[in-house]
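Protein sequences appear in the order of chains A and B. Residue 208 in the working numbering sits at position 208 of the first sequence, with consecutive numbering throughout. Remember, the working numbering sits 330 above the position in the second sequence when you count from 1.
It is worth saying that the hints were derived from the structure and are not from the lab.
List time: in silico DSBU-like cross-link candidates among lysine-lysine, alpha-carbon distance up to 30 Å: (1) B:K464 - A:K312; (2) A:K312 - B:K626; (3) B:K765 - B:K742; (4) A:K314 - B:K464.
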Amino acid sequence: MSPYVYYISTLVVFFFIFAISTWGLNLQFGTAGILNFTYITFFAIGGYFTGVSMLGRPDALSNMRYILGLSLPFPIALLIGATAAGILGLLVGLVALRRLRSDYLAIVTVSVGAIVYDFVNVNTAVFNGADGIAGVPFPFNDSLNLDPNTYTFFYVGLAGLFALVLGILAARIYNSPLGRTLRAIREDADVASAFGKDSYRFRMIVMVVGCIYAGIAGGLLVGFISAFNTGGWTVGETFLLYAALLVGGRGNNWGALLGAFLVPVLFQEATRFLPVIPGHPELIPAIRNMIVGGLLIAVLWIRPEGILPERKAKFHGVYTPKRKAALKVD
Amino acid sequence: MTDDSTTSGPILEVENLAYSFGGLKAVNGSTFTINRGGINALIGPNGAGKTTLINVVAGALRAEAGTVRFNGTYITGWQSHRIALQGLIRTFQISRELGGMTVLENMLVPPPQQSGENIFNAMFRPGIGHRQDKVLVERALEQLDDFGLYDSRDQYARNLSGGQKRLLELARGVMAEPKLMILDEPFAGINPALVELLEGHLQKLRGLGITFVMVEHNLNVVERICDHVVVMAEGRTLAAGKLSELRRNEEVITAYLGGALTVHPGDTSASALDVKHIERAEPILKVTDLTAGYSKVPVIQEVDLQAEPGKVVAVVGPNGAGKSTMLKAMFGMLRNSSGDVNLAGIDIARWPAFRIARNGMAYVPQVINVFPSLSVYENLEMGGYTLKAGRQERVAEVLEIFPDLKAAGAKKGGNLSGGQRNMLGMARALMLNPKVVLLDEPTAGLSPTYTSIVWEQIHRVASLGTAVVVVEQNVDLAIHHADWVYVLVAGRNRLEGPASVVGREDLPSIFLGGAPPDNLAADIGRGQGGII
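Could you build the full structure based on these sequences and the hints that come with them?
Dropping the structure here:
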């Protein structure tokens, strides 16, 4: 089989995983206006807990240390990963969402991210530190027994199924009265509470749901690459997802999908084909960041709402205008 | 809208309510009762604590003392969303439309008990939300039609005009099925046609059983539509009753004029209209036909004003008269302005503020921004930043005028008292040796002792040959200290003259309304209403 097909299907898997992440971020930031600057932490927690739930008990030979080691099948492990991300989201929300000011939330999330990152990175005895975990069994492959190339196709289907279901659910939330209330809170939380909406409770709900999206995406990634370490969840990764959402169009799930394709997949991957200049190994990643940053600035400059901006709510089949407007107000 | 069997009796009982910002007691033992089924007004001069009171009652701020009882339930200290669910809905002083949502969506947020707001229903049973929306959309469209907003239903709310936003504010509130609506200045900044329209809506909604309490400065509107008026001043409720009775209440008059008048009102032996013929010195500042505002609706209209070197000119008027707006317009801070502003022979109208400052006019705003981490001395240096030479010398000169500041020279700006801050603001404005100084309420919030000190300084500044224009809330002080007084009402010159002449006018009735019917009609035509 052509290596390109293998490469493309790998990218498709990444695309689905990024799409799920960006939808979760869109629920939090695009819909409810929650500035979660450590979104990737929830992705990482989901990935880590999924991984360690699938791995067997740590043994001396592999020289890896981690908690759990339950040898659980992937669906249950993913559930544990998603739950862990949701619980952490709840805890962060308890601290950060009490105050309505979004800058307060942003600072709390940045701090939480730094604390969790350092805690895991330094704590080699419990989390294996920066080395992370490796050798996570491929989901379902103990019964499927596929070769690596064919397995990638299977995973395209698996991740695609998750993306489809989570995409539909995200769209339903956005279009529901809940989504409307969340957008009202985003626009003006004081007004929302003046109309009886408990901003704290609503923001907490979407905080947890968004973090569960991140956790599922993380779990899917760990299942696919069978390894995970702290190097993959730096602040820059959160920025990449924000860039995806802002470029694609915040408050629009199709925009989030487009952003997930353009930023982390197309622009990140395309730069991998740049010729490496000998002696400057850091140059390509730096250029990659510059290109993403440049794209973000260009979009914010030319089309600040994103390529697919938030759309006006439609109420199909609901309009039954009985009277014409009699009054004209200036 | 209310399904209560009780149609009379109190709906809102406020007792001894208190709230303070730092040391300032904004609401200080306010007590009043609102009965079911009427349109009630909450009036009072600037800084009386009306908006703070609303915020405490509606749960946006937490009461420090006292109780609020709504519909028989004590709601003191409840969070605002809980209070709203009881049926007490408030609007905001500045329209707070949900700008990024359509007008129709704005209408669909308030209805209580929407099952579609439940996360599981939203994700797994979307039909529930859709079915409920269908009913709500019908209701919302009918309401929008009533309010003349039907054609704008699919517009983003931020694109509505100022008047439409005010209508939406009210229409949206009705969607929340309120028993009591508290409106914070619903008529502020809207045009005359809309005043009438809004009045009609309020009357109609009252008929549906909603009780209203509205903060309102426009006493003509209050006169026309309110059954019961509560007067607040300095955080307390002064009096309550019918407006016609309250107009004769000594305490109310005193509160509105900022202090008891030492001259006798009603003696109009020298009509203020004659003063046009009084000879005045050659003005350094001459304002003609100045019209300005923040949006398309002008706040001040065709205002005239003159100031002579070495004289103090005071501008007084009820709140909302446009006094501060006039100063800002003169100083080039408002974009929508027309008319002439002549400073020492040069027309400076519509110049940017920095150019006006360089040409010899200084402006000291009501809230003075001093650099808190810089000393008094350094703050003054900042005021003389554009001086090319002799900055130190000028600081010394200015400090000679303000002995109090000289004593506090090394103190940090952040540690100054309110009065010292006001002085520093004035002193800083003098750094560039202006020909004209505009002062916006330099004595607001100061103790009587410090007020007289500030006025002493104002006289000293004038005695150096500067023309001083002071906006003053306290009419008695203005008459006492100024050479010439302008009375501004509803954005227009109402009367002017030497302080002694203006002092003999019937100022209480100018400030509190009760003008003859022909005047009233003219006032309505202006949109702001005659008074306040």
